[in-house]
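Enquirer: One-letter residues, chain by chain:
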Amino acid sequence: MKTLHPKSGLFESRAIGEMALASRIILYTLLLGWSAFVLFPIYWLIITSFKNAATVNQGPYFLPWIDFQPSMHAWYELFVSDYEDTLRAYINSIIISLSATALSVLIGSMAAYALSRVHYAPNLITILFFVFLVALTWVSISAFDVDWRVALAVGVALFFFLARGVGRLHQIHLHNGDILFWIISQRILAPIVVVVPIYMMFQSVRLLDTHMALILTYCVVNMPIVVWLMFDFFNTIPRDLEESAQLDGATMFGTFREIVLPLSRAGLAATTLLVMILSWNEYLFALFLSTTKAQTMPILVAAMNAGERGILWWTMSVAIIIMILPVVLLAVILQKYISKGLLVGAVKG
Amino acid sequence: MNEWIDRNMGRVFLAPAVTLILVFSIFPLVASLLLSFTRVRLSGGGFKIRFVGWKNFEKQFFGSEQFHLIGTFTEISVLGWIVGLAFTAVLLGWIIKYIRSHFTWVGFIGRMITFAMALGLCWLFSATLLSGNPFGTVGVTLFYVFVGCGIQFLIGTSLAFACSQRIMGKNAFRVIFFVPMMITPIGVGYIFRMMADTTKGPFADVWQWVGLGEFAWATNPWAARIFIVVADSWQWIPFVFIMMLAAFESVPRDLTEAAELDCAGPWQKFREIIWPHVLPIAATVMLIRAIEAFKIVDLPNIMTSGGPGIATESVSLQAYYAWRSLDLGAASAIAYILLFVTVVTCASFFNLVIHSRIRKQR
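Which chain is which? The protein sequence lines are C and B, in order.
Numbering that gives the first Met the number 0 puts the first residue of the first sequence at 0, with every later residue one more than the last.
Numbering that gives the first Met the number 0 puts the first residue of the second sequence at 0, with every later residue one more than the last.
To be clear, the hints were calculated from the coordinates, so they are not data collected in a lab.
Per the computed footprint, the stretches of chain B lying under chain C, defined by three or more beta-carbons under 8 angstroms from a beta-carbon of chain C, are: (1) 199-208; (2) 295-304.
With a straight-line Cα cutoff of 30 angstroms, these simulated DSSO-like cross-link-like pairs (lysine-lysine) come out: (3) C:K335 with B:K169; (4) B:K58 with B:K47; (5) B:K47 with C:K292; (6) B:K268 with C:K335; (7) B:K268 with B:K169.
Listed next, with one range per pair, are the computed distances between beta-carbon atoms: (8) B:F72 with C:F160: 55 to 61 angstroms; (9) C:W147 with B:R323: 26 to 32 angstroms; (10) C:G164 with B:F102: 36 to 42 angstroms; (11) B:V11 with C:V153: 22 to 28 angstroms; (12) B:V77 with C:F180: 42 to 48 angstroms; (13) B:R6 with C:F180: 24 to 30 angstroms; (14) C:L161 with B:F102: 37 to 43 angstroms; (15) B:L84 with C:L20: 47 to 53 angstroms.
On a predicted model such as this, the values are computed, not experimentally measured, just so you know.
Don't be surprised by glycine CBs; every beta carbon is placed ideally from N, CA and C.
Next comes chain C alone, as it looks inside the complex:
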């Protein structure tokens, strides 16, 4: 090998990891060039928001005060004349993404904690029996016009009386890994596959265009991510503390709340941020499930396209800026946590 690479052998005095000047130049050119590619569209977005119809349509102007006179026209329009629409969508977005995130992180981390600590062994036969009963109930309600209360009662009763007996027939036990995989694999579902039945479901219980519909949907859609990240995170927490707490008579929920959650603050922060950003930006479900009352920001921005005057780029830019500002700020401040959280899953999984 030494003969192949005499260079590094000859210059032993060079510090390990030092790079040659040429590769250093290439490296910085690459990094700076990419920074420009990332930042320029954002810069253009910001200056467009200070333009008006004339300064946009006459061609590209790059520098405010030098090329063109910035105007607050678009900001004024969105914040003063049309403030009702903007404010409503903004508040909707905040309510929906915060509640969905809170619910998803709570339920998801509970499930993840249970999966990382308790040993489950559900019997596959019992599960199949349950599925069979659900299908039977559903078919009898929809196809044979059985009263739904009767069908449901019979189904539940049958399950409770026969589950044990059926379970004893044959035992194929699933394990925690199977449950975990089942939950995580839900992420592979494209929203478009489930959105039509979800739409019909919410329509039949008259919850379309309400916060509830979107909160529940976002909560479930993001649950796999929460379970995945938090499961790995809980696995890294030593169990001694919990065991001693349990010896002292603490319940599982008590241990979870008092000991485990405070210890996993970093993982929770990352997961929360990630889920919040995903629900803040979500588009397809909002498109189906909300029309006016529960309209979220992405829908408001997308709908701006539909005016008779074509796209009003300046107003659009303002809307996009106020929409991305909170998440970008959060992300820049907490970037380290998010990347750490994302990674826990990938490195292990």
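Given chain C, put chain B in place with the hints provided.
Expert: Coordinates of chain B only, in the frame set by chain C:
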């Protein structure tokens, strides 16, 4: 009561998550499958559902919607025949090799599913793209997934590798590179429409200068597709970057230093120490990215509305348009086709690449 809760705490913890997933994910999944075999008519706030068998799928694969979903077929060109047959031979060889080495029924059935879909997709590829026929939404989606993910992987990994060196301003670069991922896809779509405008956009003078002043991105199929891939990459390279950066930084320092002391060149060090270490992470990252890429709907919807014609329409978008024209059966059928392609592709990748690697390590 309290005692009962205590005893069943494990179930109580898991129950909410499982129930929610059953209600909002599994039930819609089954309902969607049933819907895809029906015609649904909306009447006065209710639905009238009629069972029509395979008709929805038939229409998509062989009927009036064939051009839309998979493409137009006239005749296969010579190149198409050559590539198609070559692919078939390779796939057959792979199956035969598996049967000869260590046969299990589960493995065989799984591989046969992979084999069938790979065969179908490669003949689709040879019969449309290589033969000069227009292809449909499945082809467009695969283009977004494979080309998009490929570009994102290459650029994201090289940026991550560059950033993992000892350089100045590492943290600043990290933060800057991270930002696009946070921007809503709707916003990214509009920003890139502004960028690509050849008369009012920032590069108008450049376009004029190269003689493309009158060129409209959105009216040329390939330009529009590439334009969407560029926007998608702008948004998702940060994801690959962040994950790969952490992967590169997790390479044990003593290993690389030992390699340097042994006079390994930089290329050798990369190939023999760093790359094997980050490869499993890279595979996982690409799997996650591909799963999300199959779902692409917002960018084509915002940037081109699927146009010109159907040139940039993804399968998700096609299903959305079917839903908008109140054809719920067709929407479900199209969505199910997407689900099938996604699941088979991702499961094959997982089982054949990631899982086999784990098995080998054990």
